[in-house]
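Between the sequences and the hints, there should be enough to build the whole structure, so can you do that?
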Amino acid sequence: MSTTLAPGANRPLPDGALTLRVPGPFDLSLLVTGDDGRVSGDADFVFFNQTTAPGVRLERDSASVNPGSLRRGATRVTLVVSPADPSARLGSLPTPALTVTDRAGAVLARFTPHPVTHETVLLLAELYARNGTWKIRALGQGYADGLAGIARDFGVDVIDEPAPAPARVPARTPAPPSAPTPARAPAPNRHVAPPSAPAPHIPQPAGPHLTPDGNNPFAPRPAQSPSTPPRPQAPPPMPAMPSTPELDHLRTQVIALTNAERARHGMGALAYEPRLTQAAQVHSDDMAARDYFDHTGLDGRQPADRVTASGYVYSRCAENIAAGQPTPAEVVTGWMNSPGHRANILTPELTQIGIGIAYGGSYRIYWTQVFGTPR
Numbered sequence: 001m002s003t004t005l006a007p008g009a010n011r012p013l014p015d016g017a018l019t020l021r022v023p024g025p026f027d028l029s030l031l032v033t034g035d036d037g038r039v040s041g042d043a044d045f046v047f048f049n050q051t052t053a054p055g056v057r058l059e060r061d062s063a064s065v066n067p068g069s070l071r072r073g074a075t076r077v078t079l080v081v082s083p084a085d086p087s088a089r090l091g092s093l094p095t096p097a098l099t100v101t102d103r104a105g106a107v108l109a110r111f112t113p114h115p116v117t118h119e120t121v122l123l124l125a126e127l128y129a130r131n132g133t134w135k136i137r138a139l140g141q142g143y144a145d146g147l148a149g150i151a152r153d154f155g156v157d158v159i160d161e162p163a164p165a166p167a168r169v170p171a172r173t174p175a176p177p178s179a180p181t182p183a184r185a186p187a188p189n190r191h192v193a194p195p196s197a198p199a200p201h202i203p204q205p206a207g208p209h210l211t212p213d214g215n216n217p218f219a220p221r222p223a224q225s226p227s228t229p230p231r232p233q234a235p236p237p238m239p240a241m242p243s244t245p246e247l248d249h250l251r252t253q254v255i256a257l258t259n260a261e262r263a264r265h266g267m268g269a270l271a272y273e274p275r276l277t278q279a280a281q282v283h284s285d286d287m288a289a290r291d292y293f294d295h296t297g298l299d300g301r302q303p304a305d306r307v308t309a310s311g312y313v314y315s316r317c318a319e320n321i322a323a324g325q326p327t328p329a330e331v332v333t334g335w336m337n338s339p340g341h342r343a344n345i346l347t348p349e350l351t352q353i354g355i356g357i358a359y360g361g362s363y364r365i366y367w368t369q370v371f372g373t374p375r
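This note's numbering numbers the first residue of the sequence shown as 1 and each following residue consecutively.
Hints are not guaranteed to be accurate.
Here are the computed distance ranges between Cβ atoms for each label pair [stated by the list, open to error]:
| # | residue 1 | residue 2 | range |
| --- | --- | --- | --- |
| 1 | Pro25 | His249 | 48 to 56 Å |
| 2 | Leu298 | Asp102 | 46 to 54 Å |
| 3 | Arg375 | Arg290 | 26 to 34 Å |
| 4 | Pro94 | Glu59 | 18 to 26 Å |
Calculated directly from the structure, the hints in this document are not laboratory data. On a predicted model such as this, the values are computed, not experimentally measured, just so you know. Built from N, CA and C at the ideal position, the CB exists for glycine as well.
Structure follows, in C-alpha cells:
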C-alpha cells in the first residue's frame, strides 16, 4: 500500500531491492553511512562520477538500493538532489518528487517537499535501519553549501579546485506547519577559522528551515563551511544573559543529552562555556522577541558575529537552532535525526558548548546550541 509522506514522516520498508525515482532536471547522489552519520570512505559517496557502491546503483533519474547488500556497518542511505545543470538554481526548477517502489514495481511511498528558495541542494529522504527494520524518512532539507558542502558534512574528502567558486552553507526549507506550533530546526551552521592566512570566504545562508513531523520533531538545518571569523571593529555590546533556575536546569539537560550522544560515539564531552551560552541566549531571545526563525538575525548578524561579540576567540564554531520542541529530550532527538545537526554535535574538533533558550513568538520556545573550539 502506497503512503504519501510529509516532511519528517516515515514508514517501514519490505526486504529486498528498492528503487528511488526522481524525474526531472536533477542529479541524484547517495551517501552511505553508519550510526554516526559519517561515511567510512569516499566509496560511500555515490554520484554521477561514481555510480555504484555495494548495494547501491545510480542510474539517470533513479537509484536502486538493496539494504541487505550494503557494506558492513551501513545503517543509513541519504538521497540528495541537485540541479543537473550546475548553473541552474534549484529554486527555479520544478519541485523534485520522489517515488519509492519495491522490486516488483509496486509503489511504496511518495514524497514531494515544499519548494526551496536559495538552497543549492536538497537532502530529499533517507533509508535507515531501526531495530532490524529498514524504513524511509522524508526530509526535504535544503542546503546552501552545494554538493561539496554536503559531502564534507558526511565525512567525504573533497579536493577543491585551485580557484573554487564560493561554497555555500546549507540551509533548510521550512516544512508546512501541521499544528499551530510545529517544532522546527534550521540547517546547522559552521565556521572554521584558519590558523594564519585567511581561508576563502564562504557566505553563510539566510537560514531556511525544515519542519518535519512525527519522529523527526523539527526542521533541521545543517551547514558547515570554513570561513574566516568576522572581526568587527567595534562589536555591539551583548545584553546581559538571563539566568534563572529553570533555564539553568534546561541548559544542563541539553548539554547532558548532547554529551550522552557524543559518548555513544566514543567522543569526549563538550565543556560548558559561558560566552558561548551568551551568544546562544542572545539569538534565542531575539528570535522569540522578533518572531522569526533563522541563523541570520534580522540585523544581518551570523552565528560567528554573535560568538565574536561575546568575546570568545574561536578557531572553529557551529550553531544548531530549533523551535517548538517542549523538552530537552525532544530537541536533542530532533537534532540527532537531522544529518547536518548531528554532524555538528558529533564533530570531534568542537570542544565547548553554550545553550540559549527563550519563550515567546509563534513557536513558543526557541533553542540555540553554539559550539566552539578556542583559538
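A quick look at each hint next to the structure:
no. : hint                        : result
1   : Pro25 / His249: 48 to 56 Å  : holds (51 Å)
2   : Leu298 / Asp102: 46 to 54 Å : holds (47 Å)
3   : Arg375 / Arg290: 26 to 34 Å : holds (31 Å)
4   : Pro94 / Glu59: 18 to 26 Å   : holds (20 Å)
Checked against the numbered hints above, the structure violates none of them.
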